[in-house]
Amino acid sequence: MPTLLGRFMTPDPTQDMIELRLPLKLEYLNVIRATVGVIAGTLDFTYDEVMQLRVALSEIFELATHLAEHESADEPGDISFRFEIRPDGLGVRVGAAVNVVRDLVAQDQDEGRALLDSLMDSVEFDTDGTVHMVKYRSVREST
Amino acid sequence: MGQSERAVVKTRLDVQFSANARRNGATHGRPSADVERPSHGGACNHADSLADGVISTGPKVAFTAEDRDRLVANHIPLVHRLCRRFRDCGEAQEDLVQVGCIGLIKATKKFDPDRGVSFITYAVPVIVGEVKNHLRDHGWAVKVPRKIQEHKLAVQRAVESLGHILGRSPTFSEIAEATEISEAEVYDTFEVGNYGRPLSLDAEYDGNGTKDSSTQCTACLAAGREAWSRC
Chain U
78 MPTLLGRFMT PDPTQDMIEL RLPLKLEYLN VIRATVGVIA GTLDFTYDEV
128 MQLRVALSEI FELATHLAEH ESADEPGDIS FRFEIRPDGL GVRVGAAVNV
178 VRDLVAQDQD EGRALLDSLM DSVEFDTDGT VHMVKYRSVR EST
Chain L
3 MGQSERAVVK TRLDVQFSAN ARRNGATHGR PSADVERPSH GGACNHADSL
53 ADGVISTGPK VAFTAEDRDR LVANHIPLVH RLCRRFRDCG EAQEDLVQVG
103 CIGLIKATKK FDPDRGVSFI TYAVPVIVGE VKNHLRDHGW AVKVPRKIQE
153 HKLAVQRAVE SLGHILGRSP TFSEIAEATE ISEAEVYDTF EVGNYGRPLS
203 LDAEYDGNGT KDSSTQCTAC LAAGREAWSR C
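Here the protein sequences line up with chains U and L, keeping their order.
Sequence positions in the first sequence follow this note's numbering and run 78 to 220.
Sequence positions in the second sequence follow this note's numbering and run 3 to 233.
Calculated from the structure, these hints are not laboratory results.
Each hint should be verified, as a subset may be incorrect.
Partner residues are not named here, just some residues of chain U that face chain L (Cβ under 8 angstroms, in silico) [claimed, not checked]:
1) Tyr105
2) Gly114
3) Val115
4) Tyr213
5) Ser215
6) Val216
Note that beta-carbon positions come from the ideal geometry of N, C-alpha and C, so glycine has one too.
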């Protein structure tokens, strides 16, 4: 499996992690949408922020499934999401069997990338083909 | 109002009916020739006076089938007009009009002139209610439990009102507190909107020239995603 997240176990024992690995098939789009919704909701993100996270992750998921459909003829492969529960928000690292980053970085004007930039507070493309995104909480105190 | 004049009113559309209803409503309580119209022999006159929006003060009289026929026929344009409100709901207009007509028939059966209101006043909410019930029960391709549908509406309302109060989008715990729905149930409402109008899996797809059967369904799902994300 080319660029999945196995070798990126960041050694921060204080940080809670949730990992989700899905086949690159559009049927599972709702799984990631629902999952990120619940995770972000429990972290006291606002309704709008949760919706932004949902759109951002489904955008990546859709791009990856699109690539998988056109690049790899046989097996679509997997996509991994790792949610890092941070004190100030939520980090998400995405790695897929297809090189999502190459596609996102190749076209700087690509609307997919612009969308991610506007939806997330920080988007980083790593050379290993993973995308790391962070969304900060706007409401600090827990109600 | 003479016999011939009344015949003219009868043939007019609902707009005139409601205008009549208002006019007669304003004179309600005063002895008036319009209101205290003598019966012209035969039960049909009840239907006539109802269609004119006249408030009946006489003893309760059951309508004959003929009366109801006339009432229904006279108010079909009203049903059409009310159903136009729902033209964006995804249901065929003709279907809604049919349902609305069922509501109209129900209204003619249950209308009680002794209540002192015109027929239109009673019929409009009955017709609209019938159409709304139809949309609620049949507008969902996949049946979502009523409770979750109601939660979805409550959450949407809460997001809006809390947004005004707080000056920002509310968190889920705030929504849960305001709606008195548990946080877990608030999450359940996430996917509710997705089942309103799914696309047919058999639909023809020619986006990228891939038309073999294995990609057909998934391609449709991709297109459907756009529709889903609006919810």
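Hints versus structure:
Annotation: U/Tyr105 was flagged as interfacial toward chain L, and the flag is violated, the nearest CB pair being 10 angstroms apart, outside 8 angstroms. A distance limit of 8 angstroms between C-beta atoms decides the matter here; for U/Gly114 the minimum to chain L is near 5 angstroms, and the interface restraint holds. A distance limit of 8 angstroms between C-beta atoms decides the matter here; for U/Val115 the minimum to chain L is near 5 angstroms, and the interface restraint holds. Interface restraint check for U/Tyr213: the shortest CB-CB distance to chain L comes to about 14 angstroms, outside 8 angstroms, so the restraint is violated.
Satisfaction of the interface hint for U/Ser215 is found here, the shortest Cβ-Cβ separation to chain L being roughly 7 angstroms, below the 8 angstroms cut-off. The beta carbon of U/Val216 comes within 6 angstroms of a beta carbon in chain L, closer than 8 angstroms, and the hint placing it at the interface holds.
When each numbered hint is compared with the structure, violations occur for hints 1 and 4.
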